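Kindly produce the complete structure, drawing on both the sequences and the hints.
For reference, the chains in residue letters:
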Amino acid sequence: MKSNIILVAILALFLNYGCSSEPEPLTVPQSIKGLIVDSPPTKLPDFKFIDHNGKVFGNAQLKNNWSLVFFGYTNCPDVCPTSLSIMDKISKQPGLPDNMQYIFASVDPKRDTPEKLKGFVEYFNAKFIGVTGTKAEIDKFQEPLGVIYDYDGDTNSDDYVVNHFAAIYIIDPKGRERAYVLPPHSEKQMNEAFKLVYNYYK
Amino acid sequence: MRFLFIIVFCFYSSLIFADSGLQLIDPWVRQSPPNAKNLAGYGELKNTSALKIKIAAIESAFFEKIEMHVTTFENGMMKMSEVKNLALSPKESVYFEPGGRHFMLIKPKSIIKPGIIVPIQIRLSSGEVKRFDMQVRR
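In order, the protein sequences belong to chains A and B. Once you know that position 119 of the first sequence is 119 in this note's numbering, the rest is easy, because the numbers rise by one and skip nothing. If you want this note's numbering, it's the position in the second sequence, counting the first as 1, plus 1000.
You may find that some hints are simply not true.
Claimed, not checked - Derived pair list, reagent style DSS-like, types lysine-lysine, alpha-carbon separation capped at 27 Å: (1) Lys1079(B) - Lys140(A); (2) Lys118(A) - Lys1037(B); (3) Lys135(A) - Lys1037(B); (4) Lys89(A) - Lys1130(B); (5) Lys1079(B) - Lys33(A); (6) Lys1037(B) - Lys89(A); (7) Lys110(A) - Lys1079(B).
No wet-lab data here; the hints were simulated from the structure. Treat the numbers as computed from the prediction; the structure is a model and nothing was measured.
Dropping the structure here:
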């Protein structure tokens, strides 16, 4: 019996560490503000969004790509345009992998139709992808990624405001959250943050 | 010649002494995506005078309404709320910048794109109206 317990313990250790290729947690220099690394990476929920062309966007579309993901809404006048224009500037930096994608996920599906998302993301960068989903699909990201939001004002009108978590998530090619960067975002901070994470975990 | 000098002096001194001393330094509007209902404007609002200045209202012919808003991080979310009754102490600067305070430019009446100058009028509680031109940038 005792030997069985020891065997199970050894097996558990082996499964946890022996098979895992997870490196030591990345040390983030203090000069890069707001970067928080997930070690081990956080698994994303199984989700099904729709992209700005009306196509399904889910876990499969994150695989084999490094993704920067920002949750917001298109009627957002300050925070979202600021972070998306920074993502656009980052996308033009040298030294990025070829398999990079930039995703704007709307937490306001009522107003943010695929057509509206298309006009919004393409304004910042023709390669950006706009996605959204039902409330149930969006809410799947609350627990693992901390994507919280609420509506302020009359949601039957067209003028309500959406309060939302505004980090930029770094998703690895296995479709897992590797890190996130808290606002306020700057081009220098995001560029350094992404390259640090990418070069360490690639 | 002396007469002309006096006229010029009077003209400038009236500008100096009648002016409240409110400045909006480097005012700009972020060009927004097509069909945006709200835009954000920024700049440094500076009271260069020795008196307190209260902002009563902000208007522009280009927008239905202008409010001052502040984005704050509350309960894990970026939350936008209106700033009312903004007052600037003597020599105080209040910064309107991305991710913080901003002029919320509501419902544009025309296309707002780079090259366009957006005039705004800031009405003070003293009744004085100051006009500033905001540049549109990406």
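So if I understand the rule, the pair passes when the alpha-carbon distance is 27 Å or less; does Lys89(A) with Lys1130(B) pass?
Cα-Cα ~35 Å, so violated.
Quickly compare the C-alpha distance for Lys1037(B) and Lys89(A) to 27 Å and report which way the hint goes.
Given pair Lys1037(B), Lys89(A) holds - Cα atoms ~24 Å apart, limit 27 Å.
Between Lys110(A) and Lys1079(B), does the CA-CA distance stay at or below 27 Å?
holds, 19 Å
Taken at face value, is the distance from the CA of Lys1037(B) to the CA of Lys135(A) at most 27 Å?
holds, 23 Å
CA of Lys1079(B) to CA of Lys140(A), is that 27 Å or under?
holds, 21 Å
For the pair we were handed, Lys118(A) and Lys1037(B), check the Cα-Cα distance against 27 Å.
Distance of about 16 Å is within 27 Å: holds.
Take the C-alpha atoms of Lys1079(B) and Lys33(A), compute the straight-line distance between them, and say whether it is at most 27 Å.
This hinted pair holds, its Cα atoms lying about 21 Å apart.
Hint compliance for this structure: hint 4 alone is broken.
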